[in-house]
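Peer 1: This is what each chain is made of:
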Amino acid sequence: MDFSLNEVQTMLADSIEKFVANDYDFETRQKYAASECGYSKTVWQTFADLGWTAITFSEDDGGFDGSPVDVMIVMERLGRGLVVEPYLANIILAGGVLKRAASNAQKAEWLQPIISGELQATLAFVEPSAGYDINDVVTTAARDRDLWLLNGAKGYVLNGGEANLFIVPARTSGERTENAGITLFGIAADAAGLSVRDYATVDGQRAAEISLENVSAGAEQIIGEIHEGFDALDAAVADATLAVCAEAVGIMTILTEKTIEYSKNRVQFGVPISSFQALQHRMVEMYTACEQSRSLLMWAAMTVADGGEASEQAIHSIKYQIGVAGKRVGEEAVQIHGGMGVTWELDVAHYFKRLTAIGLMFGSADWHLDRLAAMNT
Amino acid sequence: MNVTFTGEELAFRAEVRAFYETEFPQDILEKQNQAIPLTRDDVVRWHKIAYKRGWGAPNWPKKYGGTGWTPIQKYIFADEQARANAPVHLSFGVSMVGPIIYTFGTEEQMQRFLPDILEFNTWWCQGYSETGAGSDLASLKTRADLNGDHYIVNGTKTWTTLGQYADWIFCLVRTNSDVARRQEGISFVLIDLHQPGVTVKPILLLGGEHEVNEIHFENVKVPVENLVGEEGKGWTYGKVLLQHERTGIAGVAVSKFKLSRLRAQAGRSIRGADPLANNKAFMRRIAAAEVELKALEYTELRTLASIASGNAPGSESSILKIAGTELRQQIDTLQLEASGYYALPYVNDQYAIDFPPGERVGEGTQTQSSLLYFNHRKLSIFGGSNEIQKNIIAKHVLGL
Chain A
1 MDFSLNEVQT MLADSIEKFV ANDYDFETRQ KYAASECGYS KTVWQTFADL GWTAITFSED
61 DGGFDGSPVD VMIVMERLGR GLVVEPYLAN IILAGGVLKR AASNAQKAEW LQPIISGELQ
121 ATLAFVEPSA GYDINDVVTT AARDRDLWLL NGAKGYVLNG GEANLFIVPA RTSGERTENA
181 GITLFGIAAD AAGLSVRDYA TVDGQRAAEI SLENVSAGAE QIIGEIHEGF DALDAAVADA
241 TLAVCAEAVG IMTILTEKTI EYSKNRVQFG VPISSFQALQ HRMVEMYTAC EQSRSLLMWA
301 AMTVADGGEA SEQAIHSIKY QIGVAGKRVG EEAVQIHGGM GVTWELDVAH YFKRLTAIGL
361 MFGSADWHLD RLAAMNT
Chain B
1001 MNVTFTGEEL AFRAEVRAFY ETEFPQDILE KQNQAIPLTR DDVVRWHKIA YKRGWGAPNW
1061 PKKYGGTGWT PIQKYIFADE QARANAPVHL SFGVSMVGPI IYTFGTEEQM QRFLPDILEF
1121 NTWWCQGYSE TGAGSDLASL KTRADLNGDH YIVNGTKTWT TLGQYADWIF CLVRTNSDVA
1181 RRQEGISFVL IDLHQPGVTV KPILLLGGEH EVNEIHFENV KVPVENLVGE EGKGWTYGKV
1241 LLQHERTGIA GVAVSKFKLS RLRAQAGRSI RGADPLANNK AFMRRIAAAE VELKALEYTE
1301 LRTLASIASG NAPGSESSIL KIAGTELRQQ IDTLQLEASG YYALPYVNDQ YAIDFPPGER
1361 VGEGTQTQSS LLYFNHRKLS IFGGSNEIQK NIIAKHVLGL
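One line per chain: the protein sequences are A and B, in this order. Take the first sequence: its position 147, counted from the start at 1, is 147 in our numbering, and no numbers get skipped. Quick note: to get our numbering, add 1000 to the position in the second sequence (first position is 1).
To be clear, the hints were calculated from the coordinates, so they are not data collected in a lab. From the three backbone atoms N, C-alpha and C, an ideal C-beta is built for every residue, glycine too. Any given hint could be a false lead.
Pair ranges (Cβ atoms, derived) [unchecked claim]: (1) E178(A) with G1208(B): 39 to 47 Å; (2) S173(A) with P1275(B): 25 to 33 Å; (3) K1048(B) with H281(A): 46 to 54 Å.
So, partial list: chain A residues that the calculated Cβ filter (under 7 Å) puts toward chain B [to be verified]: (4) V126; (5) A153; (6) G155; (7) Y156; (8) T201; (9) E209; (10) S211; (11) Y262; (12) V271; (13) P272; (14) V342; (15) T343; (16) A357; (17) D366.
Work out the full structure, taking the sequences as your base and the hints as a guide.
Peer 2: What follows is the structure, given as structure tokens:
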């Protein structure tokens, strides 16, 4: 049993912490978030230059063979910096599909430029009426001689406004919500019939609704086998779920630290409010929630890294935990900051909003708990 | 004990319902249904419609131009107002400063201020909190120094809700620093905001909305006739007002409306093959909130009955504030979760008048659900934070 980071992991952690401390203070983050594309392209290139975009990919693909534990290290620190660059959309989601299912030709065309920082890709895993079930795909792809014609709509496509490549799950056979019969297509942003409605999200990021009207795709755009795209889709979304949980632990930790700090400095009734036992106990509960979440996150990351059958349980467990504990820590941080906690000016509100958004993506706490309850463990 | 309404009360309910069905403007209703913030003009226009009907001040006695309603009538009115998804009367004039003026003010002040409050010719805002005086309100530092026939006011008030629209502000100010208890030496004054030395600066809230402000006073002249009641007694008046604020803050009627709307939405909103209403875990949470709401409603009715029999609202109003705001936040959470990914778009621009409706992302109740959830964190913070309410109950009710 070993919970320590190895030498390479320690270096990775240090370099991200250094980047956040030196180049990504809150004002800078706010500036990037408010810019037209919603993040900094220069910062993204820095990520690529530092090799962070390569971590999750195999050495054969030009990556570093990183494990879910490495992703955890990265995401927790990006969470602490409230980083808005599209690591989740591009590296974890789109990259997660491509590394598992893409052909060598597709990897050369798409994955290499993702790693080098030139290409922004995203995965359209949400359907407007599907809720959280990623196998609920009603977007269709119908064969038309050598081509496929895609029709349908997707919602909450992360970084959709800036993406050059959309990975689109479409139903090529089977019933709605069947795992089999989902095929993954790589669709270029400028494809005829594809329209993108880009919007800001409440957590300072950007997403898009896309609609596909007779968008044609050739066989070379099919990622993996026809009808068999679900496994890669599911695995990439599981990676992303774990990734945002790590990000959330980073956010929860920083919110707890900031709340403790604020309570020591905020004087009311002639004393720092940290001297009130009622508040002390609540901050202890925030701290406890962070540590419990961190422990569960480590277990989940190591379990997923081992690749066993317990992976599914691990993902559901950590997302449930984050949903509940994240909400509690976020709300308490705001409450103890009082009026200041609800202002745009203070970073606390922005950490809270991101934490809330994480709670709503890839399944709510209830949704994951339902699945855990139904498992035969 | 008897929990049924009398025939007169039922007739009154029908009258209020008919009024909202015929008089409440459709364009404002549409905004309310889409959870779009109302403009200053919307608020003023609707108040004036209520005023014309004689309902400009539901909570005032008849002799000041109010309705003279019984507490039960007021309760029915609030219920129907929420049922119609109409906004509550803006509290600062009608519910807050008005009652202070007719309770503690002079005849001259009543004649000067009450008619404009009633008709909504003046927009009032509240000047209590300061940067260093939040929960510890008595530590406020804004000064009013007597200089002949007027006070010179210096200081900064914060969190003034909708102060950007306001014509007047009622303030707690320090008129005497040389006192044994900090609560002494505080006075209640009315200040015209349209004069030199007043600066209103926006504070953006966490959803980016401009709802509150910081108001700065630099050598602002306030005539002594704008002092309400006795100098140095402002704390007592302010406390009475906060107790009124706390009763209204329970938001029973609004919560009732929101829960019933959520139930209806759960029946319609299809997630995959099933409506949300088939999700037992979610529906159990709605049911639990409904039980809490019923308890809150009857706690409020008991308080109203006690006031009707001549008792002043006391420290028990703190229960209403705590339970009411926690419940409202719980309902916001349910609405947020019911909206799923559609809670995430930050699309205020899509509610602009010229925005093409076809390009909207989701329904307003969904896309605004996160902003409401964020904005309503304030409910447990303002009007005396819920921690302060617990202290009040511990000390004044339980004698701890």
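Peer 1: What are the numbers of the hints that this structure violates, sorted from low to high?
Peer 2: As far as the earlier hints go, 5, 10, 11, 12 and 13 are violated by this structure, in ascending order.
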